[in-house]
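**Q** All residue numbers for the sequence shown refer to full-length UniProt numbering, where the first residue is 1 and numbers rise by one.
Just so you know, these hints were derived from the structure itself, not from any lab. One or more of the hints may lead you astray.
[As the list claims (entries may be wrong)] The calculated lysine to aspartate or glutamate pairs, modelled on EDC-like cross-linking and capped at a C-alpha distance of 20 angstroms, are:
| # | residue 1 | residue 2 |
| --- | --- | --- |
| 1 | 304 | 249 |
| 2 | 315 | 289 |
| 3 | 66 | 42 |
| 4 | 41 | 65 |
| 5 | 336 | 269 |
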Amino acid sequence: MRNERIIYLILKEDNYITAKQISEIMGLSRKLIVQSIQEIKDELPEYGARLEVKKGRGYRIQIHDKMNFDAHFQIPLTQNMIKTQTSDSHSERVIFLCRKLLSQEKPITISSLAAQMYLSKGAIEEDLKQAYELLADYQLSVEAWQNKGLIVIGEEKNKRLAITDLIGVYYNFYLLKEVDPDYWRWIACENDEASKIRHLIYDVLQSCHIRIKDINVQRITAYLIVMRHRCAAWYPLYLTDEEKAEMQEWPEIQYVQLLFDHLIIENPDFCVDEDERGIVAQLFRVSQETPDASGFLSSPDLCKRGNQVIQAIEKSLVNPRIRMLVTTGTLREALKNLICKALFRIQWNLPENGHFINQITDIAVLNSPICYYVACKLAALVQEEINYSFSVEEITKLVQIIYHECEQIEIPHRQLKMLTHCENGMDMAALMIERWKRLFGEFIESNQAVELYEVRELARKNYDCILLLTLDFAYKETIPPFFTAFIPNKDDISQFINDYILPCYELESYLPDQEKISFHEHSAFKSEAQFIHQLANKVCPQTGQGKLLEKQLKQDFLSSFLVLNEEVIILLGDQEIVKKEIFQIHRFKHAIRWKGRTVKMICFAVLDLDNPVRIKVLEILCRKLSAGRILSRYESKNKALIEAMVQAVRAELKINLIR
Numbered sequence: 001m002r003n004e005r006i007i008y009l010i011l012k013e014d015n016y017i018t019a020k021q022i023s024e025i026m027g028l029s030r031k032l033i034v035q036s037i038q039e040i041k042d043e044l045p046e047y048g049a050r051l052e053v054k055k056g057r058g059y060r061i062q063i064h065d066k067m068n069f070d071a072h073f074q075i076p077l078t079q080n081m082i083k084t085q086t087s088d089s090h091s092e093r094v095i096f097l098c099r100k101l102l103s104q105e106k107p108i109t110i111s112s113l114a115a116q117m118y119l120s121k122g123a124i125e126e127d128l129k130q131a132y133e134l135l136a137d138y139q140l141s142v143e144a145w146q147n148k149g150l151i152v153i154g155e156e157k158n159k160r161l162a163i164t165d166l167i168g169v170y171y172n173f174y175l176l177k178e179v180d181p182d183y184w185r186w187i188a189c190e191n192d193e194a195s196k197i198r199h200l201i202y203d204v205l206q207s208c209h210i211r212i213k214d215i216n217v218q219r220i221t222a223y224l225i226v227m228r229h230r231c232a233a234w235y236p237l238y239l240t241d242e243e244k245a246e247m248q249e250w251p252e253i254q255y256v257q258l259l260f261d262h263l264i265i266e267n268p269d270f271c272v273d274e275d276e277r278g279i280v281a282q283l284f285r286v287s288q289e290t291p292d293a294s295g296f297l298s299s300p301d302l303c304k305r306g307n308q309v310i311q312a313i314e315k316s317l318v319n320p321r322i323r324m325l326v327t328t329g330t331l332r333e334a335l336k337n338l339i340c341k342a343l344f345r346i347q348w349n350l351p352e353n354g355h356f357i358n359q360i361t362d363i364a365v366l367n368s369p370i371c372y373y374v375a376c377k378l379a380a381l382v383q384e385e386i387n388y389s390f391s392v393e394e395i396t397k398l399v400q401i402i403y404h405e406c407e408q409i410e411i412p413h414r415q416l417k418m419l420t421h422c423e424n425g426m427d428m429a430a431l432m433i434e435r436w437k438r439l440f441g442e443f444i445e446s447n448q449a450v451e452l453y454e455v456r457e458l459a460r461k462n463y464d465c466i467l468l469l470t471l472d473f474a475y476k477e478t479i480p481p482f483f484t485a486f487i488p489n490k491d492d493i494s495q496f497i498n499d500y501i502l503p504c505y506e507l508e509s510y511l512p513d514q515e516k517i518s519f520h521e522h523s524a525f526k527s528e529a530q531f532i533h534q535l536a537n538k539v540c541p542q543t544g545q546g547k548l549l550e551k552q553l554k555q556d557f558l559s560s561f562l563v564l565n566e567e568v569i570i571l572l573g574d575q576e577i578v579k580k581e582i583f584q585i586h587r588f589k590h591a592i593r594w595k596g597r598t599v600k601m602i603c604f605a606v607l608d609l610d611n612p613v614r615i616k617v618l619e620i621l622c623r624k625l626s627a628g629r630i631l632s633r634y635e636s637k638n639k640a641l642i643e644a645m646v647q648a649v650r651a652e653l654k655i656n657l658i659r
């Protein structure tokens, strides 16, 4: 209902909200919004509230009888929020559309989808496009049937896996029973039933002495529930005779048989045919963590192909240190195991894990760019050989092993710290937000996933427009954690690290320890220009090269920036400027002193200042920081551009800039 959606949007705001803002969020005309607001104004007094209207500021709801108001509006508003994803989040709307498309047995029209989201058809075009891309990762396509609507086309197994991976993304599982019955039909179960299935799986794993991570046990549990409902609705799966013959020798077949014997005792609906159990055996096989116990590498064909891929990677490696790392036993075996699992997924048409937003788990925050670069390089070479993209989790495993191997063979690196163990449903970008919450309080409201998604989408569309690096110098002696917005194109970030981060370490190695410049020394210089002059002459003793470097450094370093209170610096500029700033920061290991202040946190934001959409990112970064004094300094010939940026920041942050 449109009016309930408007009420929710008004209540969500701490202050006033205008009709224009509501119309932009909902994708409806301002005239229609004003008409609905008048209806709301007449209706609210009956339920213990009134609509406060303030000219020039907008609308706000005052509640004086909360019990009466909640009794009438609380349940509908909760259902509406879950059903239509009203947090104004593009990512949540995409997930909603994926869920709706997958749960339909008949075609559904775009108009119907838009109506359920209380948006116009035009307003969900971009959301639909992203939904199609996510479903395509499961080898599913969406076809438009003339005069009927949209329908998902693809193998039944891939539909089930997509439905499974959607469970737990952006909503309360048990509320779906009332707010989305179409989807609930495929995942329906009681809480104790899911728990029993999960414990039965653990019992089987323990008795068979195999290990599967908790997140994968949960995924198999969810798949079993989806499988049961799809079989009951006559959506069966079939294996070919060749596939059955190959699987007969798998130890997982016995594990799954034992599991189903227990499941049938609990619920006769789990009495399914051999083909269905074979798919579960595939999930068991690819989910196992211990290579020796899994029997995963026992397939001669996979072993042979895996060795061929490793040999091809070794031949293509130019960097001698990376080649030396790959020849070490631990990394070689780990890489081979990941390659064989990837080959297994390709062979049995099993989609990769973590396609849907917030599905990747157990992500470590890495502050070793070199280790991360090496892992990404190896992943890129694997992709070239077998056309398989490693997940962030798989790359993280490689980084951990590379870090330990670096220690053994004394390759320079930065200390790798496992800062946290992510809970189910978090990815690297979400982890960044969670860490910022711990440092700065409620950085982003719990129901506002839009910021996280906007950051990720901006990076996805144009890497130049935003790069977020958070460097925490307050509590660590070494270079601190390395955060990035989630960037699907690994080539971009690898190129960035290769061009701008690795040279920092190479530069360090050329300077004797006694000649290194610290930020404490920097604060003693009369000006940044003097510091740059000193740095350029130490890096390039030759007069000509030194002057050229000094000119470039002055052009790049003496650029736009903002300083928030005494703990945060936000650097603004185009990509080249901020990359050079990162180059400078990575040179030093001590707490930064800037204008007499100890700076604990540095946030680099690469922004195209004449783009209002990207200015929004600045507002996202600063919204919950309670920024007090902001200093600004600009070196730009385009005064109109600078003034436009200042006005945009003032409008977004509602704070005063001090020139």
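**Q** For this structure, which hints from the list above don't hold up?
**A** 2, 5
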